[in-house]
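Residue numbers (numbering that gives the first Met the number 0), protein chains in the order written: chain A, 0 to 345; chain B, 0 to 316; chain C, 0 to 282.
Treat the hints with caution; some may be incorrect.
What the hints assert, rightly or not - Simulated crosslink set (BS3-like; lysine-lysine; CA at most 27 Å straight-line):
#1 A:K44 x A:K331
#2 A:K137 x B:K161
#3 C:K166 x A:K45
#4 B:K148 x B:K161
#5 A:K171 x A:K137
#6 B:K108 x C:K9
#7 A:K44 x A:K177
#8 A:K135 x B:K108
#9 C:K166 x B:K10
#10 A:K135 x A:K232
Bear in mind the hints are in silico, worked out from the structure with no lab data behind them.
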Amino acid sequence: MKLMCRLMISAVTAACLVGTAAAEISGAGATFPYPIYAKWADAYKKLTGVGLNYQSIGSGGGIKQIEANTVTFGASDMPLKPDALKTAGLLQFPMIIGGVVPVVNIKGIAPGQLELDGATIASIYLGEITSWDDPKIKRLNPKLALPATDIAPVYRSDGSGTNFLFTDYLSKASPKFKSTVGANSSVQWPVGIGAKGNEGVANMTTQTDGAIGYVEYAYAKQNKMAYAELINKAGKPVQPSAESFQAAAASADWTHADSYYLILTDQDGPKSWPITGASFILVHKDPSDAAAVDAALKFFAWALKDGGAMAAELDYVPLPAPLVAQVEATWKAGIISAGHPVWTGK
Amino acid sequence: MAIIDPRHAAKQVVYERIFRNCTLVAALLVLLILGGVAVSLVHGAWPALRHFGFGFVIQEVWNPVTEEFGALAPIYGTLVTSLIAMALAVPAAFGIALFLTELCPPVLKRPIGVAVELLAAVPSIIFGIWGLFELAPLLQRYVEPWLIKHAHSVPGIHELFKGPPYGIGILTAGIVLAIMVLPFIAATMRDVFDTVPVMLKESGYGLGATTWEVIWNVVVPHSRVGVVGGIMLGLGRALGETMAVTFVIGNAHRISTSLLAPGTTISSSIANEFTEAVGDLYTSSLIALGLILFILTFAVIALAQLMLRRLERRVAA
Amino acid sequence: MNRRTLRKAKNVAFLVLSLLATLTGLVCLGAILWTLLSHGLAGMSTHVFTQMTPPPGSEGGLLNAIYGSAVMTLLGILIGAPIGVLAGTYLAEYGRHSRLCVIVRFINDVLLSAPSIIIGLFIYQIVVVRMGHFSALAGALALAVLAIPVTLRTTEDMLNLVPSGMKDASAALGAYTWRTIISVLYPAARSGIVTGLLLAIARISGETAPLLFTALNNQFWSTQLNAPMANLPVVIFQFALSPYKEWQDLAWSGALIITLSILVLSVSARIVLALMQSDRGLR
Chain A
0 MKLMCRLMIS AVTAACLVGT AAAEISGAGA TFPYPIYAKW ADAYKKLTGV
50 GLNYQSIGSG GGIKQIEANT VTFGASDMPL KPDALKTAGL LQFPMIIGGV
100 VPVVNIKGIA PGQLELDGAT IASIYLGEIT SWDDPKIKRL NPKLALPATD
150 IAPVYRSDGS GTNFLFTDYL SKASPKFKST VGANSSVQWP VGIGAKGNEG
200 VANMTTQTDG AIGYVEYAYA KQNKMAYAEL INKAGKPVQP SAESFQAAAA
250 SADWTHADSY YLILTDQDGP KSWPITGASF ILVHKDPSDA AAVDAALKFF
300 AWALKDGGAM AAELDYVPLP APLVAQVEAT WKAGIISAGH PVWTGK
Chain B
0 MAIIDPRHAA KQVVYERIFR NCTLVAALLV LLILGGVAVS LVHGAWPALR
50 HFGFGFVIQE VWNPVTEEFG ALAPIYGTLV TSLIAMALAV PAAFGIALFL
100 TELCPPVLKR PIGVAVELLA AVPSIIFGIW GLFELAPLLQ RYVEPWLIKH
150 AHSVPGIHEL FKGPPYGIGI LTAGIVLAIM VLPFIAATMR DVFDTVPVML
200 KESGYGLGAT TWEVIWNVVV PHSRVGVVGG IMLGLGRALG ETMAVTFVIG
250 NAHRISTSLL APGTTISSSI ANEFTEAVGD LYTSSLIALG LILFILTFAV
300 IALAQLMLRR LERRVAA
Chain C
0 MNRRTLRKAK NVAFLVLSLL ATLTGLVCLG AILWTLLSHG LAGMSTHVFT
50 QMTPPPGSEG GLLNAIYGSA VMTLLGILIG APIGVLAGTY LAEYGRHSRL
100 CVIVRFINDV LLSAPSIIIG LFIYQIVVVR MGHFSALAGA LALAVLAIPV
150 TLRTTEDMLN LVPSGMKDAS AALGAYTWRT IISVLYPAAR SGIVTGLLLA
200 IARISGETAP LLFTALNNQF WSTQLNAPMA NLPVVIFQFA LSPYKEWQDL
250 AWSGALIITL SILVLSVSAR IVLALMQSDR GLR
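Chain A extracted, bound-state conformation (with noise of 0.2 Å):
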């Protein structure tokens, strides 16, 4: 029994004390991008065997992290602004885009039946619209039938830049929802459920008979969940697809953005879906660990060169080339480690 037990505990600390050949990068945040951060980082483990542990902890959670320096970066929906990357010595630049789709959970209705605009739907998450069958949502579907369900709405618990993204454009849409909620990653919902992660969302809204959500699109097509949709800026409706959230991002203005700060919520066109958004990464501008940073970043040039394919399985938009470029000047004058730049360029 002595002898088994000296073995048992000599096994387990030799396993431990083995550590992983390869190398491990840590990032922490938004669970917006997390599916195609999982996917690209198991397609890249198995090409280089580098692993990228992602925890989708929300935006809020990556910002805290990377602040605390606990990972290698943080992933966040919502931008910082300018000072606040100044005062925590952060490097922002964005990832991929994507789009944020309300889904419902109503009898009969199937995906992308219902339609609805920013009005209506910041009604419906300030407790105005209670039921399904209110005339304002009637007006906008005249010919689709309603049943008289109450409405649970269904919003993130927890911080996320899904959030900012939905409640910015609510704010956009609604005056009175601006100064009754805000826009920002966390807030204080009058009425409604509160789900964890975009996964949280997408689970409480197919579980709930009569709910309303929002999530990441990839999560709403991956569950084939009933998405709405919208009437845009420019007074059309649109679809959420790769083509919307493109013709969004089409009329960006990356190259005067400061720190890449740029909101593409409710942008004009006809084509454009109202409620698209970047994802960003943080990176300390004088990292404490330059081998992790550049090793991360070595990822990214992998991801944002090879990785459009997967991304546009998913229904994200990868970055268009010039912005790609952009991007890596970004690394190679802003991440500085012990006097030289830490991005080599490959």
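Start from chain A and add chains B and C according to the hints.
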């Protein structure tokens, strides 16, 4: 024949001192850990407490945008869910203890007792996912609409069961908590009922009392202290439970009179928001919530321990 | 209705209610185990034990999570159990009823019932923030803090159950207290102390909250103690709340694995204890 070799004896003394000090250090470490927990909580909570003052405990607002935080909604949720859990679990535990000590055929006593205790061994996260995937849909489809419809006409109760049937919320969390603490209270009650001297019970039966009368008038008063102690321990457990509640409470920082509405508890707020709280005041407010919970459970457990010790002393005497 | 019939009716009513209460408790246990078995077994197959946790939408397994949980639980016990056993020994043999021991017993009971999320917060502040990153070591430390009260309690109780005659006999032979403890008391209370260890393992292997902010989680296989490590409870937490079918299946399988291990441990602890007590009865 050197029975007592002086060198040997000297070594023994040294070993004795070493061993004794090791055990003493271990015991002191326990004190140190609790002290450390308390100190780190106070240290972390200090910025929020200093900023909001006593108002922190009575404000309902929880707005990360304007950085105004108040603990009222989580405290309310913690207390109400625990109250519901106690209201459901205590009579049930009493019934189980009664059954096991008086009614149960001896051959079934062991297995049923073990089965009830196994409920205590199930990890809390299992209760959480079971609650979310099995109990909540059940409540949403059948129980809550029934409650809403029938409570509509009764004044007073009407306020308690109002609102859309989400299936999750304060009531669901209370029910899941009740199932979780049931085995603890039942086991304590059963143990305490078992310690009642048979002579006392026999005297009751001898006077012609029914089983129920013996239980209610002899066994319960005799084990009153232990019963209350067991209830307090269950309460302490219910107050601090995290995972089971986080899945089914609905995570809304709001107070409403309706039990069917979503709410939040202290532990589920911390579990949900801690990793992403940006800003010192936000983090500090969450730690302040933790401090409040710690004080609450400390008080409940202290009370329970005092009562249980009184019982032990009485039984030993 | 005369008084006697009323009393009899009340008797029957309450006894029936108590039977119903017991049945409710058993039905709940049955419902939970049934759900676990039906969902968990449906997703169970060899790949759960041979593959790593997958990205959303792909097939995979739980190997890294099982390994992580096993390592952190073992480490937690290795750190926490000796402290608990030694402290319990002090309370039972050296201090006994001194003021210090009364306080330590009380503090121990507080720690035993303290919310595990508070322990997680504590370790986050003193280990994770100091180290600068999440780690399996921090997770193991949090579990160790949870294991100490359980082992302390059982050790003290078991040592107190050893007949004082054995201690006296040993002392009469000239043994110092430490010698008595190590050579006489520990072997005598061995099964009880092992029971305590098994109960502690059962307790900490199911805990999620303390690992949330200490060990975090890891998508890949990792054996480094200095880095985040996958573990079953947090993986279940993440996967169960997701909308992906493969992840949900894995969450149920993981839940089944944890519950079965803990139930087996609890039952064995009970059997070991019963054996010990009947053994004692024969003396």
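### Task
Quick one: which hint numbers does this structure break? Sort them smallest to largest.
3, 7, 8
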